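Peer 1: Using my numbering, the first residue of the sequence shown is number 738, and each one after it goes up by one.
Hint data in this document are derived by calculation from the structure and do not stem from the laboratory.
Please note: incorrect hints may appear among the correct ones.
[What the hints assert, rightly or not] Below 25 Å or equal to it, Euclidean Cα-Cα: the simulated DMTMM-like pairs (lysine to aspartate or glutamate) are:
1) K994 x D958
2) K1114 x D1075
3) K1185 x D1133
4) K994 x E929
[Stated by the list, open to error] Across the chosen pairs, the derived CB separations fall in these ranges:
5) D831 x L1091: 17 to 27 Å
6) I743 x F808: 36 to 46 Å
7) P977 x L1091: 17 to 27 Å
8) S1006 x P1104: 19 to 29 Å
9) E850 x R798: 54 to 64 Å
10) E1062 x D831: 29 to 39 Å
11) P838 x A816: 19 to 29 Å
12) D831 x A1068: 48 to 58 Å
Since the structure is predicted, the reported quantities are computational estimates derived from the model, not experimental observations.
A virtual CB, placed ideally from N, CA and C, is assigned to each residue, including glycine.
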Amino acid sequence: MSGLPISLIWFVLSGFIVLLTVLPYTGDILMWLLGGFWIVFTLNAGFVSLAIEAVIGRIARTWLLAPLLWFGGYALLYAAGQMNIRRLETLAQDNARQALPFDPDADSLVVAEGASEEFGAAELARRLRAPKVYETFSERRPGGAQTLHRRWRMADDSVCARMQSDWERLRPTGAQYMRNAKDGACLYGVVEAPTGRIVRIAAQKGAASDWGVQGEQIRIDLVAAGGRASVRVVEAAALPPYPLPMSFCNHARRPVKCEFGFLATSPRSIFGAKDLTDAFDLAARALRLSRPVGTETTPAREPDAVAIEELMTTRAPDPGLPIDELLRTPAALSPYADRLAAAAAAAARDPQNLNGPTIQRLIAALPEADFRRVAPKLMQDFADATRAPGQRYPHDAGLLLRLGALGPSAAPFLGRMYWGTPGAFAAIEALCRMGTPAAAEVEQILTKYIGMGDLVALRPARRKLLVLAALRSGQPDLADRFDAQLRKWPKYTWPPDKTGLADNWAAEYAGWRGGVTPASPAQLCAVAHRDID
């Protein structure tokens, strides 16, 4: 009975495996070979070998302490885990008993400064649907740093659109907004002091800290003068009755994250609720707030409804949406008429929103009664959106033509849309179809062209449309002035036109001048759009 135990070789081998796991290149290789679990065999084999050597007398009996501590200590940890699992099984009842008096109209929820975005005031306002949720922040102002509060609200997207239009005025006040938030709404925050009773809320996500249990949890603490409540949802698994040590390093992350411990093999379960994120629902119940949006049920919807909702709540269209089918079934669009009009106006204010033209196509396909109801406000919203400096927003040709069919009330809008708006060539066609009621707008457009001098850049098809608009609006003298200005430039046949219209301008114009009047069919104005630009 002398010397060191031969069994120490197993521990040296285990240490070598752990070292290889931590090192960059060998760690990656071992990860693919499940090397993190090799020490399950080497460590347990080492302690069993130590016990055998001590029992047969090859080494001192004191070496038995090592396997006793290893297996005995693990047995105690396993027993603690079983007790904690049974305690977690009562977590749902504990959460249900949590309550803190709160008046959502008078009291204020205040989130501590430095909370992560996942549990910040904006996200809690969305999840809890609480009307008064504040965040604390520090800001350097005249006289030194100050601690301020910003109140976050859920609102219709049109509210945030107005905030964006007034952003230069609001930005110095510390306002913030989040466009196109989840749930078909948006979030915005303004600097405002909390009122009423203050309830401080702290939410955090982290590892479950119970002995013998592995997992993660979300815990939300609510603290106010004279009371407190705390809810917790845990996703956890207990340790198995036998030790399964593991060593794992994720070298794909920077910094490298290494984990050492015992592997839990029992099925992972949720304690305290049905889902980990239900902690927000539990907090809302503790405050006696309405059910959070995240748990509301959504009735099954047909594909057309899903497509419309996606267009109205996202910034980019899914190429697989059944848009053509929707255009062929106007009745399916009718229930969404007002929301489509609001979404189109909001998209016109948001340069990053690519859904606008598609939404406009759907509006142009609405049944007549719905279209006439939403058109006046839609034109006003579009006009307001395009007044912003440098704002150039594409408009659907079909929508402009249908607006023109409304009559004189649409003429001022079409006149404004013609200049500097991609796709607005259809505006002059709509004015041409309207005839004499659009005389003032047609005169304004052609007079501006005549004042430019060089009309070479105008394609022949657009020249034809402008002349037809002047003639159908009862202004042949205006058409003559436009023609005279065009003839001053000997190269007016540029750019080339496949229709041959440029080569026969004089003869063509003479025919239009002599035959087109306000009584001529509006169909004359239907110049192919592909020949315009």
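Peer 1: Give a verdict on every hint.
Peer 2: To see whether the hints hold, each was checked on the structure:
1. K994 x D958: Cα-Cα ~29 Å, so violated.
2. K1114 x D1075: Holds, at roughly 10 Å.
3. K1185 x D1133: Holds: K1185 and D1133 sit about 24 Å apart, inside 25 Å.
4. K994 x E929: Violated. K994 to E929 sits at ~41 Å, over the 25 Å cutoff.
5. D831 x L1091: 17 to 27 Å: Distance hint for D831, L1091 is violated at roughly 48 Å.
6. I743 x F808: 36 to 46 Å: violated (20 Å)
7. P977 x L1091: 17 to 27 Å: Between P977 and L1091, where Cβ atoms are some 52 Å apart, the hint is violated.
8. S1006 x P1104: 19 to 29 Å: With Cβ atoms ~52 Å apart, the hint is violated.
9. E850 x R798: 54 to 64 Å: holds (60 Å)
10. E1062 x D831: 29 to 39 Å: With Cβ atoms ~51 Å apart, the hint is violated.
11. P838 x A816: 19 to 29 Å: violated (40 Å)
12. D831 x A1068: 48 to 58 Å: At 52 Å between Cβs, range holds.
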